[in-house]
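Residue numbers (this note's numbering), protein chains in the order written: chain B, 1 to 368; chain U, 1 to 415.
Check the hints yourself; a few may be wrong.
[Unchecked claim] Computed list of lysine-lysine pairs in DSSO-like fashion (alpha-carbon distance at most 27 Å, straight line):
1. Lys30(U) / Lys43(B)
2. Lys43(B) / Lys62(B)
3. Lys321(B) / Lys262(B)
4. Lys274(U) / Lys8(B)
5. Lys248(U) / Lys295(U)
6. Lys8(B) / Lys26(U)
7. Lys170(B) / Lys259(U)
8. Lys363(U) / Lys233(U)
9. Lys48(U) / Lys303(B)
10. Lys122(B) / Lys271(U)
11. Lys53(U) / Lys289(U)
[Stated by the list, open to error] Simulated DEER-style distance windows between Cβ atoms:
12. Lys3(U) / Tyr293(B): 23 to 29 Å
13. Lys233(U) / Gly5(B): 52 to 58 Å
14. Lys3(U) / Pro219(B): 47 to 53 Å
[Said to hold, decoys possible] Quick look at which bits of chain U chain B covers, simulated, 3 or more residues with Cβ under 8 Å:
15. 62-76
16. 150-157
17. 211-224
18. 308-314
19. 341-350
20. 366-377
21. 386-400
Hints were generated in silico from the structure; no laboratory data involved.
Cβ coordinates follow ideal geometry from the N, Cα and C atoms, glycine included.
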Amino acid sequence: MGFYGDRKLTAEEAKRLRETDIGPPHYSNFLHPVIKKNYGKWKEHEILSPGVMVHTAESGDKIWSVRVQTCRLIATDTVREVCDIVDKYCGGYVRWTSRNNIEFLVSDEKNLEPLQKELKEKGYMIGGMGPRISNMVHTQGWVHCHGAATDASGIVKAVMDEVADYITTKELPAKLRLALACCPNMCGAVHCSDIAVVAIHTKVPPVDHDRLGKICEIPTVIASCPTKAISPDPAKKSVKIKDERCMYCGNCFTVCPAIDIKDPYRDGLAIVIGGKVNCLRTPTKFSRLVIPYISNEPPRWPKVVAAVKHIIELYAKNARKHERLGEWIDRIGWERFFKLSGIEFTYQAIDDFTFMRETLRNQSTFKW
Amino acid sequence: MKKYETPLLDELEKGPFPSFVKEIKKAAAKNEMANDELGQLEYSFKTKRGYWKHGGIVGVLGYGGGVIGRYSDLPHMFPNVEFFHTVRVNQPSGWFYTTEVLRELADICDKYGSGIMNMHGSTGDLVFLGTTTENLELIFAELTSKEKPAHLRFDLGGSGSAMRTPSCCVGQARCEWANYDTMEACHQITQEFQDELHRPAFNYKFKFKFAGCACDCCASIARSDCSVIGTWKGPILIDQDAVKWHEKKGMDISREIVKMCPTECISYDGKELKINNDECNRCMHCISKMHHALKPSGERGATICIGNKAPIVIGTIISHVIIPFMKMEPPFTEFKELARKMWDWWDENSHPRERIGEVIEFKGMRSFLEAIGVEPIPQMIKEPRRDPFFFFTEGDIERFKKREEEEKKTGKFIF
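So here's chain U without its partners, still in its complex pose (with noise of 0.2 Å):
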């Protein structure tokens, strides 16, 4: 195997902090195509240019993503990268494993990969850094083999226009505060739309992430286009021996709490802690910090948010709040359906490219509730309108006049 002069890179296999450079290092040491990689990011470094080409069309039968073509632009330098495709892994929801588990796609890897994973792809995906053409189809057997036992058996995620892997914070496996079963959401729902992620038939990426609440430890509202975010009804719940456990161990509850709470609903008087729990709109910073004393109680699901994306092209959105409050329970038929309208309506009305939010955008976000059957409430804005330009229908106009007509019989406006 050819050895690389590494000088610059070997600069990152110092400090405390985990180095890639010993990572792709040890893959290196017996693994051609890990050698290339490392011999062409230290190029990379001395030059300050990437050298992958763009992706090329590869993947497995059947399939239009799950695969990432790339290939290196200097392949008379790096022969062993020539072919280097990514491969996405879905992973399970929560990112849970057994080693027995660990170990099989780890040796699936060295077999016909370069060595190197990523744990984890930024959508959530268990990624194979770099295979060849050829070695694909024999991965995705490898991985899915009937021959093996179901919990060995791991499929492709998605790529390109399609609905990509769907993933989830780690919910009610280990948290008190998941408002529902992500991790069975996540599941469930990415196994009810396989078609949909392996078959690219969009115009752009859609993604979906399950949070248990607002604390949103998968960055739901801020990296999938469909939001799907924990909240309660009922009151917060409070055991005031705890706040006392809180107070002592040298929390100013004063400061650290009712002085925090944005809506100001919470009072305490040195003995007893109160919540106004109408006036409370549930963000979690209370119940995050004083985690001993107070808990969510009542009626559970999910506020639905549409729309994030990353800037390119009209700038960065964060999700929209459309649905302020579904149930998510199995089999998560209203949700289902809600994806299938939503998917219906970008499809009708949107060119390559552009992804759910940058649609509503364009067409006004009632073509989109319309489509989906929602009607407006004011859970979904932060402030009404501020110019008088807006579209009425000739049904609009006939409700409102209708209305007219019934006031003046009884005398009584309605609003």
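Here chain B stands alone, though its shape is the one from the complex (with noise of 0.2 Å):
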């Protein structure tokens, strides 16, 4: 129980109670005594299974991590329901993940098994260590975004059934990172990750003249857009948009909500692969685009889920031990995996913006 309980405070209550600029607390309050004991003396570690590693310690000290799967969006009964899995066997400490999944950390070798087992039995998936696939990272969606083009934890759902496999057992030739964003946004950053679905728009948006003038500012409006489209329109007391010139970004609509780029007909999916933040080997890659518009089709986006196995199952049967998706495409080139995969190569595959010079190809050297 929390410590106020059950009571709600007052608002007088409130006025006397709160402080500003406090910050968050300490982590040092919330670390394991064997993590806060060896902080900073870690000698290795060893991925024992999909979801289950070990920390040793210089001293010796051993702190077992079993990673969880969450889809991100939690009720708070379930956080209780971890809480109790936690006081069972981690002494009170867990730990969550830069991917959204749960750590419970264990350091009495003994509660390993137990620990696994009473997870299993509630329908915790374990796993994603290792050269496997973890936690889709992704955006709020049509749960609570005003801008968002798609739902984002469906199609992740929809995703991550069919991939499960990749995460509790099977292993890749490295490890695999998928993300989603629900709109070009892209608050989810998903622009470095192996495989990443983007919810796109594909149409200029209409302007609500009525409404603009009065709800926008309309210089910000003009300068939102990127590709200077959009200019003022004093007849309507409202801003027009030069449609051969828009790539519906939706930049505007993110400024003015009287420019309604939403369409539920034409929103669709976008895959880009190929991407990667860390360094080793080669140096962080974009994500790149190869599959340009897939429907919208909730509630489980048949044609998307497909897309993206068809590709992890292509990286697998082909990639070398360690190789990253973007890293071995590098290696055989682009032409050869649109050959390998079957996916149609379009136009809107090749660069038109400020980018091109930097990936149009300038060789006779390619493969056919």
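The two chains are supplied separately, each in an independent frame; assemble them into the complex guided by the hints.
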């Protein structure tokens, strides 16, 4: 039970008790004793199974981490259920990872098996370590975002169900990081993922001239457009959009709701692949467009799921050990990837903005 | 409570991966807000459209951020989500929790909100998903209450044109590769800049992420305006017995390590593994694969990179190296000073909604480097520029001319 239990504070109390600028509590309050004791003195680690690893300190102390996948959105009762398990096996200490997984921290090896057994019985999915798929980073989608072109959690759930074996058991050549952004604004920063799904708009947005003058700042709307497609429309006290310049990024909508970019029939999903964050072997890579458009098909987005799975299987079959998806494609060439995958090469996949000089080919040395 | 039929969402309760629909339903069973969230989400699935309005300005007294205003576009159908604001709660470094503190946060979320949380949002905050305007002050008071012990007192995170909630990898808490204390750096920077975090005074958002090594487990290079990535200066230490252990375990050292080294600085003759450390670029491939045999040594610090952003508006940018090596030790004075200098320059040179990476492109890297007091060195670039159009200051020319005068005196060219 929390500090105030079920009791709600009164407005008077709130005024008296509140304090600004305290910042987060210091993390040392929440560290497992073994972690606290060996902070900065870890020697090595070993991944023991798809969801279990052990870290050994210079002192010889060990801490086991059991990783469980989550869908990020979590009910408070699930948090409490996790707490009960953590109290039982982990002395009350737990952490979340940067990919929204839970790590149960175990200092007594005897607790390792019973913990995993209970987690499995309660339906938790253990895995995601080593050369496998870990949780798919994603945005809010229709659950809570004003700008979402699609749902986020729904596609993630459908994709992750399909690739579950690569989380819990099967190995890939290297780790594979999936991500989803529910509009081109990309709060999920999916642009450096092995495979990412990005929701896109495909149509010049209509302008509601009656509302625009009343609720939007016209200079801000004009300045928001990266391709200078928006200009003033003094007669209507609004703006006009030059169709041939608009590439449907939706930035105008972000600053002005009277330009309604959302279109249930035309909004769709693009697939970008081959990115990575870390600098192991090769520098950080951007994900590149391979499939420009798939219709938005809730509740389980079968074509998106099939596309992701197809690319994963191709990678699993062809890449060398330790090669990330993008490194594999760099080695074999994109022309080879398109041939192997059977994915249609489209105009959309050719850069036509300031980046084209970086991405077009300038040699006669390519493969057929 | 109204019972919504959710045939489409029900499809997402099937399958092995954890179901967010089950989570929403769990909350909806005892919370009217969560129930209407479920109803509206089903309607979105049916019509393929979101129904949340643009954010309005809501918040707590004295702050300009931390709360994202959210209102349903369909309040007549889903009255309990007419007001459904997001509250960002600044997470502890490394997302470590005790069950005591998780229960405290869960209770606050239940009492004043929908009973749905995000663990965690993209920037790192713990998120209470959905509450009313009138409950915001109560949530804030209960989070920060002076009556509570220090470890139970939480503050809001950042939003809008402010320093956003910094985040970090697990660092030295549970990783042998962390080249600096990422969690302490994250904590101290968060505390130092509370004003910049809570009161948006910038032209746009600014994010920090602290990663302990090139593995970059918090994606700092791809998700923060200022990416602080741990590195080291000494040689890689080799335990030759452990090299053998890896080989015995089935590792093909020649193929997996020697041939995959990007600088070709490793050799192995079947007996001894050798590394030409001067040529190593510290990419972490060999260390991460032969984790029992190899480890970094010597002086530790971080590479500071600047400018990352997502594609809107001028295309995505990955952070650029500006300081190849900086000591990162508490109280992080040098780093804090750098942050202030960067923000001053950004503030003076940007328009609203321009990220620092964009402004560096418009104004040129030189302007930025001079403002933060950093001299150019080749570690900053992949390759020099390819065109002959570049700026000179009077001072530059004077310097070149002066040097040539020196050369004439000594008869020795200096390039």
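* **Hints violated by the structure (numbers, ascending)** => Going through the list in order, the structure violates hints 1, 3, 4, 8, 10, 11, 12, 19, 20, 21 and respects the others.
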